[in-house]
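Q: So the chains spell out like this:
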Amino acid sequence: MMKLISSLKLHKRFILTLLLLAVFLWSLTSIHWNRELFHAGGIPTMLQIFEGLIQPNLAPSILLAGLESAWITLAYAVAGMSLAIVYAFIVGVLASGTLTTSKFSRFISKVFFRGILGFTRSIHELIWAWLFVAAVGLSPYAAILALAIPYGGILGRIFADMLNDVPVEPIIALKAAGSSRLQTLVYGFLPLVWADFISYTMYRFECAIRSSAIMSFVGLGGLGFQIQLALSDLKYDAVWTFVFFLIALVILVDGWSHLVRKGLTDHKRKSVFASGWMSVLFATLLIMGSWMYITYGENARLYELFSEKNMEYAKKFFGGLLGINQENPAFLDGESWANALKLTLETLEMSIMAIGFSTIVAFITVIPAARNIANGNLTLKKRWYNWPLFAFIRLLYIFSRSVPELVWAMMIIFIFKPGILPGALALALHNFGILGKLWAEVVEDMDPRPIRNLAASGASKIEILFYGILPIVLPRFLTYILYRWEVIMRTTIVVGFVGAGGLGMDFKLAMSYFNYTQITLLLLCYMILVLIADFASETTRKAVK
Amino acid sequence: MKKWLTGIILFMLVFSLAACGQTEDKANGEKEGNKQSKSEEVFKIGAIPDQNAAFLQSGMEAVAKQLSEETGMKVEFVPSVDYSALVTGFQRGEIHLAWFGGLTSVQARNLVPDSESIVQRPRDAEFKSVFITQEGSGINTLADLKGKSFTFGSESSTSGHLMPRYFLNEEGIDPNTDFNGKPNFSGSHDTTYKLIESGSFQAGALNISVWEAAVKEGKVDTSKVKVFYTTPDYYDYNWTINSNVEEVFGGDAKQKVKDSLLSMPGNSKEIADLFQTDKFIETKNDNYEKIEKVAKELEIIK
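Protein chains in written order, with this note's numbering: chain A, 28 to 572; chain B, 1480 to 1781.
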């Protein structure tokens, strides 16, 4: 009986893999594959961009601008994340239902607040930024709130999940001792989840830096703004200088977050205490510095957002989205729907192609990128090229994931013709690094004994990969693929802004033409796509388990 | 020990934030009054970012300086990243005077009904676009563009998108289907000729005035890029003044601004360079009816 179930499971995975492969192949058919995909000057432009990569512009004025914009990017990210934490904390507690007494009210509060968290995180931060700028004008707060809302949504959900997963015994003990709801929360729940919450927040902080960099697209300063300016003047050497600043910033934050997470999860190390205090101090300074800069340096006040005038414009803007006083709003028009659905399908194909490409590249590179293979522990074989190859691929991963999709798209659009292929490639370029890193960690964490056995009995590298490593790691690989696909789905609309096809391109045009009801229609289609992606990915992930 | 420590980290994060929030609220109460009147005193001008950003900045700052000297108001130039951002700022009353293209001025006046197009250059009454291609590309007429790759400027540009699209349509070419792939939107006129020069696209359309300036200043290599078609005349760029100006700056502010604009460029080289003109003339809203009609036909405005 057990055997039957396990063999069924094995088949299920196999069938699922085939199915996913088929979907990927289907998405490829949407493009006519030939030389025509490059436009006439695509290759020369690619060479020019590459030349800039090797010789970035290191003029003092550019470096100074890079430093200043890097600070703005960091300040917005810090400010946005600190608001996100507050939002996640409050709504997360409410969504976990730990404060409610009766079963019924717990259910209601769970559904309602989880719904809010779900909605806020389903929309990409750049879309939020665009909506905020249209509603409240160009203010750093448009960027900060646009960051805080989706990140708060993600953090809040994780926080609520953590609160729901705490072991019941300490809570029962507290209750038995007569503590109130609030007391149980403060003395029972929170101490149990703090460490995990902070470590997840630090992990998200790195993503927030990249998001903050692309916020400048709506007209706010920062590294993305400089990249955009340099690209519009076709100064590729300066573009790369700013990209390197962004990469450096991401690496620094990544390093710090790694340190904090290690300190929180490592019980035994003594130095934890000292480095923990340093981090607290540093975080406090960073948060205060960022808010001071935004409040005084940029002279922006939060309360200005809620002026009567802004409320008036916000009302007008949202009224426009709802099509008030408009004859024939786009979302009630059959032809507009047909057109938008076509774009929706295109966007879906783009996302599948993107995850397909990144899977292929990550698959080819992941084995040498794992530490336990590089040092020969897993396969019992040491080769001189293991470490250089490991370092090279890991650097490639960092490079790939540090550059936001939007920036990749802005460059790729000069090489390929506008359409969904450049969009898919930009998304793939950004995501293969993430996928590769996550996968490499899976390989590093696996049980080495079966592999060593295989290696000891003389299996070749390829054999070890297919008979030893893959069967063990495949389910987790699949989980990560599906998870990244959800993220890609949310981002497809963003790469479209720069002409990379799909819903995003029309969204940008509708924004330029102040065609508000069309924006509503495109947002509806986008939400439908995100929901479908979340649902499909969740059911598939469950099936893999 | 570990839990205790993480607790502190979290509380520090939350409380340092809460502290910031409080000081902001206090500042709010004290400063609201004088801040409001102070911000109202600044007359803000903007320009569509259709050219190199640094060049636009220096020219527009010269305009701000001259306006300030002649009207006695405090004038500030506010840069914007794209055309629609400027129109939105104008709609919100945050930009009081803007140098718009024909299409953006029509969009802005639709959104702010009592605003007015007041001043233009002589050449704006008979503006043209040029279609350019690489030397030796074999493209000599608009009809030759079928099946070639093509780039417009910004999607909100009159001379870089709207009118070129209109004249292509007249020639029986549908830009959405007849090119090699969909057309690209480069974002600015300077980018357009650079993309043709570098060979990224086979042909493109841009503003004649930016093109002539680029040729004169040697910014474009004319041995590589050539003009193969120049469009008929149409009305384009103008200074559009917001409807809230008289209310905020006093009844004679509008006339003073208009007089000052008409006296430009004076002896300012920056202004003359940016606008490529030696004088400004009056204009009126009616001059842009044709642009509005074309934009409606092409379903760019409703």
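It should be emphasised that the hints constitute simulated quantities derived from the structure, not laboratory data.
Hints should not be assumed to be uniformly reliable.
[To be verified] Chain A is nowhere near these chain B residues, computed Cβ spacing over 12 Å in every case:
id, residue
1, D1561
2, S1635
3, A1732
[Unchecked claim] Chain A side only, calculated, beta carbon under 10 Å to chain B, not exhaustive:
id, residue
4, F441
5, L497
6, V500
7, P502
[Claimed, not checked] Quick list of in silico lysine-lysine cross-link-like pairs, BS3-like style, CA-CA up to 30 Å:
id, chain 1, residue 1, chain 2, residue 2
8, B, K1763, B, K1781
9, B, K1673, A, K369
10, A, K336, B, K1523
11, A, K262, B, K1775
We put the CB at the ideal spot given by N, CA and C, even for glycine.
Q: All the hints need checking, so say for each whether the structure fits it.
A: Consistency of the hints with the structure:
With a least beta-carbon separation of about 7 Å from chain A, D1561(B) fails to lie farther than 12 Å from that chain, contradicting its non-interface assignment. For S1635(B), the non-interface assignment is contradicted: its Cβ lies about 5 Å from the closest Cβ of chain A, within the 12 Å cut-off. Here A1732(B) stays apart from chain A, with its beta-carbon at least about 20 Å from theirs, past the 12 Å limit. With 10 Å as the threshold, the beta carbon of F441(A) comes within range of chain B, its nearest partner Cβ sitting at about 5 Å, so the hint holds.
The closest approach between the C-beta of L497(A) and any C-beta of chain B is roughly 37 Å, which is over the 10 Å cut-off, so the hint fails. The beta carbon of V500(A) is not positioned within 10 Å of any beta carbon in chain B (closest approach about 31 Å), and the interface hint is therefore violated. Given the 10 Å rule on beta carbons, the hint for P502(A) is violated: about 32 Å separates it from the nearest Cβ of chain B. At roughly 22 Å between alpha-carbon atoms, K1763(B) and K1781(B) fall within 30 Å of each other, so this suggested pair holds.
Annotation: proposed proximity of K1673(B) to K369(A) is violated, straight-line Cα distance about 33 Å (limit 30 Å). This hinted pair checks out: K336(A) and K1523(B) have alpha carbons roughly 17 Å apart, not beyond 30 Å. For a cut-off of 30 Å, the pair hint linking K262(A) to K1775(B) is broken: about 36 Å separates their Cα positions.
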